[in-house]
Amino acid sequence: MESRWTWRTLAAPGVAWLTLFFLVAFYAVVCVAFGNTNTLNQPVPFWNPLDWNVGYVLQVLENIWNGEEYLTVFLRTFAFVLISIALCLLVGYPVAYYAARHTGKWRGLILLLLVLPFWINYLMRMLAWINLLSPDGWGTKVLHYTSIDQLFIHLGLLSTEGGWLEGQPMTVILALVYGYIPFLILPLYAALDRIDQRHIEAARDLGGSPFSAFRRVTLPLSMPGILAGVVLISLPMFGDYYTNDLVSASTSTSMTGNQIDLLTRQGAQKTEGAVLTLLLALVLLVFMLYYLRQTRRAGDSASRDE
Amino acid sequence: MSWLRNPWGQPRFLPLLTGAYILWSIIPVAIAVLFAFNDGRSRTTWQGFSMRWFTGDPTGSVAHNPEYTAALEHTLILALICVVITVPLGVALALGLQRWRGRGSGSVNTLMLLPLVTPELVMGVALLLLFLNIFNGWGIGTTAQAIGQVTFAISYVVVIVRGRLVSIGREYEEAAADLGAPLHGRLLRVVLPLLAPAILASAGIVFALSIDDFVVTQYLAGGSDTNTVSMLLYATARGAPTPALNALATITLVLTLVTLALAYLVYRKFAGAGGAAEAATLGEM
Amino acid sequence: MEGEVKLETLTKSFGAVVAVDGIDLHMPPGEFFTMVGPSGCGKTTTLRMIAGFERPTSGQILLDGIDVAQTPPHRRNVNTVFQSYALFPHLNVADNVAFGLKYRKATKDERRSRVAEMLGLVQLTGFEKRMPSELSGGQQQRVALARALVLRPRVLLLDEPLGALDARLRKDLQVELKALQAEIGVTFVFVTHDQEEALTMSDRIAVMNGGHVEQAGPPQAVYEEPQTFFVADFLGVSNLIGAQARGKDGNGCRIQIGERSLMAQQGAIDAQGTVKAMIRPERVRVEPQNTPGDNRLPGMVEHAVFLGSFRELRVRLPGGDVVKAVFPNDGSPLTFDEGTPLTLHFPPEALRVLAPSTDGAAPDDVPEEESPNGH
Numbered sequence: 001m002e003s004r005w006t007w008r009t010l011a012a013p014g015v016a017w018l019t020l021f022f023l024v025a026f027y028a029v030v031c032v033a034f035g036n037t038n039t040l041n042q043p044v045p046f047w048n049p050l051d052w053n054v055g056y057v058l059q060v061l062e063n064i065w066n067g068e069e070y071l072t073v074f075l076r077t078f079a080f081v082l083i084s085i086a087l088c089l090l091v092g093y094p095v096a097y098y099a100a101r102h103t104g105k106w107r108g109l110i111l112l113l114l115v116l117p118f119w120i121n122y123l124m125r126m127l128a129w130i131n132l133l134s135p136d137g138w139g140t141k142v143l144h145y146t147s148i149d150q151l152f153i154h155l156g157l158l159s160t161e162g163g164w165l166e167g168q169p170m171t172v173i174l175a176l177v178y179g180y181i182p183f184l185i186l187p188l189y190a191a192l193d194r195i196d197q198r199h200i201e202a203a204r205d206l207g208g209s210p211f212s213a214f215r216r217v218t219l220p221l222s223m224p225g226i227l228a229g230v231v232l233i234s235l236p237m238f239g240d241y242y243t244n245d246l247v248s249a250s251t252s253t254s255m256t257g258n259q260i261d262l263l264t265r266q267g268a269q270k271t272e273g274a275v276l277t278l279l280l281a282l283v284l285l286v287f288m289l290y291y292l293r294q295t296r297r298a299g300d301s302a303s304r305d306e
Numbered sequence: 001m002s003w004l005r006n007p008w009g010q011p012r013f014l015p016l017l018t019g020a021y022i023l024w025s026i027i028p029v030a031i032a033v034l035f036a037f038n039d040g041r042s043r044t045t046w047q048g049f050s051m052r053w054f055t056g057d058p059t060g061s062v063a064h065n066p067e068y069t070a071a072l073e074h075t076l077i078l079a080l081i082c083v084v085i086t087v088p089l090g091v092a093l094a095l096g097l098q099r100w101r102g103r104g105s106g107s108v109n110t111l112m113l114l115p116l117v118t119p120e121l122v123m124g125v126a127l128l129l130l131f132l133n134i135f136n137g138w139g140i141g142t143t144a145q146a147i148g149q150v151t152f153a154i155s156y157v158v159v160i161v162r163g164r165l166v167s168i169g170r171e172y173e174e175a176a177a178d179l180g181a182p183l184h185g186r187l188l189r190v191v192l193p194l195l196a197p198a199i200l201a202s203a204g205i206v207f208a209l210s211i212d213d214f215v216v217t218q219y220l221a222g223g224s225d226t227n228t229v230s231m232l233l234y235a236t237a238r239g240a241p242t243p244a245l246n247a248l249a250t251i252t253l254v255l256t257l258v259t260l261a262l263a264y265l266v267y268r269k270f271a272g273a274g275g276a277a278e279a280a281t282l283g284e285m
Numbered sequence: 001m002e003g004e005v006k007l008e009t010l011t012k013s014f015g016a017v018v019a020v021d022g023i024d025l026h027m028p029p030g031e032f033f034t035m036v037g038p039s040g041c042g043k044t045t046t047l048r049m050i051a052g053f054e055r056p057t058s059g060q061i062l063l064d065g066i067d068v069a070q071t072p073p074h075r076r077n078v079n080t081v082f083q084s085y086a087l088f089p090h091l092n093v094a095d096n097v098a099f100g101l102k103y104r105k106a107t108k109d110e111r112r113s114r115v116a117e118m119l120g121l122v123q124l125t126g127f128e129k130r131m132p133s134e135l136s137g138g139q140q141q142r143v144a145l146a147r148a149l150v151l152r153p154r155v156l157l158l159d160e161p162l163g164a165l166d167a168r169l170r171k172d173l174q175v176e177l178k179a180l181q182a183e184i185g186v187t188f189v190f191v192t193h194d195q196e197e198a199l200t201m202s203d204r205i206a207v208m209n210g211g212h213v214e215q216a217g218p219p220q221a222v223y224e225e226p227q228t229f230f231v232a233d234f235l236g237v238s239n240l241i242g243a244q245a246r247g248k249d250g251n252g253c254r255i256q257i258g259e260r261s262l263m264a265q266q267g268a269i270d271a272q273g274t275v276k277a278m279i280r281p282e283r284v285r286v287e288p289q290n291t292p293g294d295n296r297l298p299g300m301v302e303h304a305v306f307l308g309s310f311r312e313l314r315v316r317l318p319g320g321d322v323v324k325a326v327f328p329n330d331g332s333p334l335t336f337d338e339g340t341p342l343t344l345h346f347p348p349e350a351l352r353v354l355a356p357s358t359d360g361a362a363p364d365d366v367p368e369e370e371s372p373n374g375h
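Chains as they are written, first to last, in our numbering: chain A, 1 to 306; chain B, 1 to 285; chain C, 1 to 375.
Each hint should be verified, as a subset may be incorrect.
The list that follows gives simulated cross-link-like pairs (lysine-lysine, DSS-like), each with its CA atoms no further than 30 Å apart [claimed, not checked]:
#, chain 1, residue 1, chain 2, residue 2
1, C, K178, C, K102
2, C, K129, C, K105
3, A, K105, B, K269
4, C, K105, C, K171
5, C, K129, B, K269
6, C, K102, C, K129
7, C, K102, B, K269
8, C, K171, C, K324
9, C, K129, C, K6
Honestly, the hints are just simulated from the structure, not real lab data.
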């Protein structure tokens, strides 16, 4: 009916905006990373690719290659993320499973309560834990009363009694779990919800126990959802700096995000910060594109009638 | 132990675990909200119920703390600006993308989805460098903050509106054209009214996103007059603040939840599709 | 009176798929014209091209002599009733009907009176304030009609409008639609896959298949004188029996079915070689075994079906073909158990020769030779 230009024109402002404030912004990172610094220690971006200066990039790469702080912190970040995601899955999968397979009247309420943390300010959720885990907080008291803190000290997971908020890797990991687990549960829920109940019934019908039906039908069918969810939360986790700042505030638990934050926003060395950001983005790019491919597939099948 | 293993249904530990998770998820925040109403200065010892930290206390309460009120104001202004810019841009982009004929739609679609998967830190750094080196006319500050928020919020609007567009289909537009309506008539009298629930719902979501946003907003902040509530929370949480901080956080929490409840109700009333579908959509993002 | 539509070599391709292949159709003004055919035959695509929702790949659409193929739909004086009615859900009945009037020069009072007039015509007076979701299927269809007709189009296009309704309502609405068309005199172009519907309602039909027009003409003519296998098979039920044609003999064609020689007075009467003999089940006369006379074949009852007001018999011929015969249930004492031998009489004036080269899709035969295309 309409000409092909009608709709492109409508889309144009949005496309222009995203190009300008997203794509060009990324180009700015690249140009600063391959740029130089002036005498005031401010970055001088080189806009022409032919002028690009690999100096700072090489510096950072050398740092990593020699196992210096960029590498150690990245490895620590990687460990934090890995452990956090494992814990998220451990708790999140059964919860998502229950919510998805449960058909009782509480389903709507459960779903609502699972979605709720999405909309509570992340920082407020961290603030809540700061209150609870401060030396005289209710959380600290409960943990002391149940001797869990003694257990943790014993296991080497806590260094001093009541020092939950003082540079404890464990606290950071648990905070990450608390913060990001809702972002895993919902995609898991969606994936598990989509599994046709009849597949599972068929497995039971053919003589399987509930557990084997789960292991051989539900689990494999939910694997794409698991992967998608894991990818979805690992992306922001790798860039997290504020969780560490809030529940630990110690350089002994700093993450790559903290390094980037220090270099860029806190001004120390924006060029180097840009390089580090670029490297991080490249590493995460693989995950980003994988996730995009999955969502495109889902979106295509939804809009096939167009 | 046998009570936990129910041969006819699911193992009983599942509802227990889910219940425990939900409690663990919500109770800490509930306690933080509770302490906003604490009568004393402590954030950890309950001293009785009071509204002092909201309005009562002449020096400490939110209402009397210029830093807090300024932050609250700035948060709301940013949110409003963000909604006003994002929603029209997003709706137009959704329409254009959905009906795009020919090549290029795949790339534009990918471009639209990228902000959703990009870690906010990366976006924050990118936008910071953009505003320091290219748009240094604007520099960092309120304008930059607004622009940054719009950039990642557009995708939410597009996804929500497109979903609704797909379920509406093309027939009504064809019928309108058949009856003599030119393009603007079709859009104004048929498409937009039918999209209204999705548009309003996405406006609510953008508003909530903006209020709760942290990284991009912080990275593009200019001076202390561009502080938002999130930034204040980050800056002072570990200090020795009074429950007024809790009160401030509670205010924005209530705002967010009310906005979302309204958005959900609007969508439900006019579309009948249910907010659970929206939540699932967002979850799939 | 206006409302004449002519399609000239109209073609529509979607990529490599040719949906409509160079068709020519003429729809005289003021008539009820139906395009009928199976799914995918191109009838809906053709209708959408007349409406303007699809742009033809090539060809012309002449509306009262003017080619409108490149005119956008909102500027053609043609209106459509959609299969799902497409009533605007956010507007009430009156606003739906009045929708298009906004683009005509009409005052508010004029609009109101025209809406009222239309609602009266479709017998929905008093429904002005109702919302589409509160209406039944039949009522929605009438609102859709009113909405289109209020604009006084020259041509009204109807895309399987009765498809979503149950059988009884359909029959009633078929009669109503036909009466309406006769009353207001607007050209109706109707699309359906239901051949019975097409035959009932139309002044003229076009049978389509695979993007082509197999045959067009008044319903009775097309039904009784099908020119291709496809048309013979699609409209009503027909028996298609393999036969050998021996050429013209007097005023008919001498054909051989099995051992017997018969005369066929319809169709390609000077055909030679392999052909199909076609006869409608209602024209087959069932007679007791061994009845003497011309144009008779022996057969054995394979299956007898009682269909209420008439009976259907399936009779197997010696050559293996199965012939359907139907006759009214007049309480006749003849019994038709399985295996009963009897005689079938094919009156020559009801027997039609169809030569293979004039076919759409011949179900069994692969044409071996090019027979002359005769009639």
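* Asked: Does the alpha-carbon distance linking K129 (chain C) and K269 (chain B) stay inside the 30 Å limit?
  -> 20 Å, holds
* **Given hint K129 (chain C) paired with K102 (chain C) - CA-CA distance at most 30 Å** => 18 Å, holds
* To do: Sort out whether K269 (chain B) lies within 30 Å of K105 (chain A), counting only the CA atoms.
  => Roughly 21 Å between the alpha carbons, so the hint for K105 (chain A) and K269 (chain B) holds.
* Keeping to a limit of 30 Å between CA atoms, is the pair of K102 (chain C) and K269 (chain B) held or broken? -> With a Cα-Cα distance of about 29 Å, the restraint between K102 (chain C) and K269 (chain B) holds, given a limit of 30 Å.
* To do: Mind checking the alpha carbons of K129 (chain C) and K6 (chain C) for me, to see if they're no more than 30 Å apart?
  => 39 Å, violated
* To do: For the pair supplied as a hint, K129 (chain C) and K105 (chain C), confirm whether the alpha-carbon distance does not exceed 30 Å.
  => Holds: K129 (chain C) and K105 (chain C) sit about 24 Å apart, inside 30 Å.
* Asked: Can the restraint linking K105 (chain C) and K171 (chain C) be considered satisfied, given a maximum Cα separation of 30 Å?
  -> Violated, because 38 Å separates the two Cα atoms, which is more than 30 Å.
* Asked: CA of K178 (chain C) to CA of K102 (chain C), is that 30 Å or under?
  -> 29 Å, holds
* Given pair status - K324 (chain C), K171 (chain C), alpha carbons within 30 Å -> 26 Å, holds
This entry does not satisfy hints 4, 9, going by the numbered hints stated previously.
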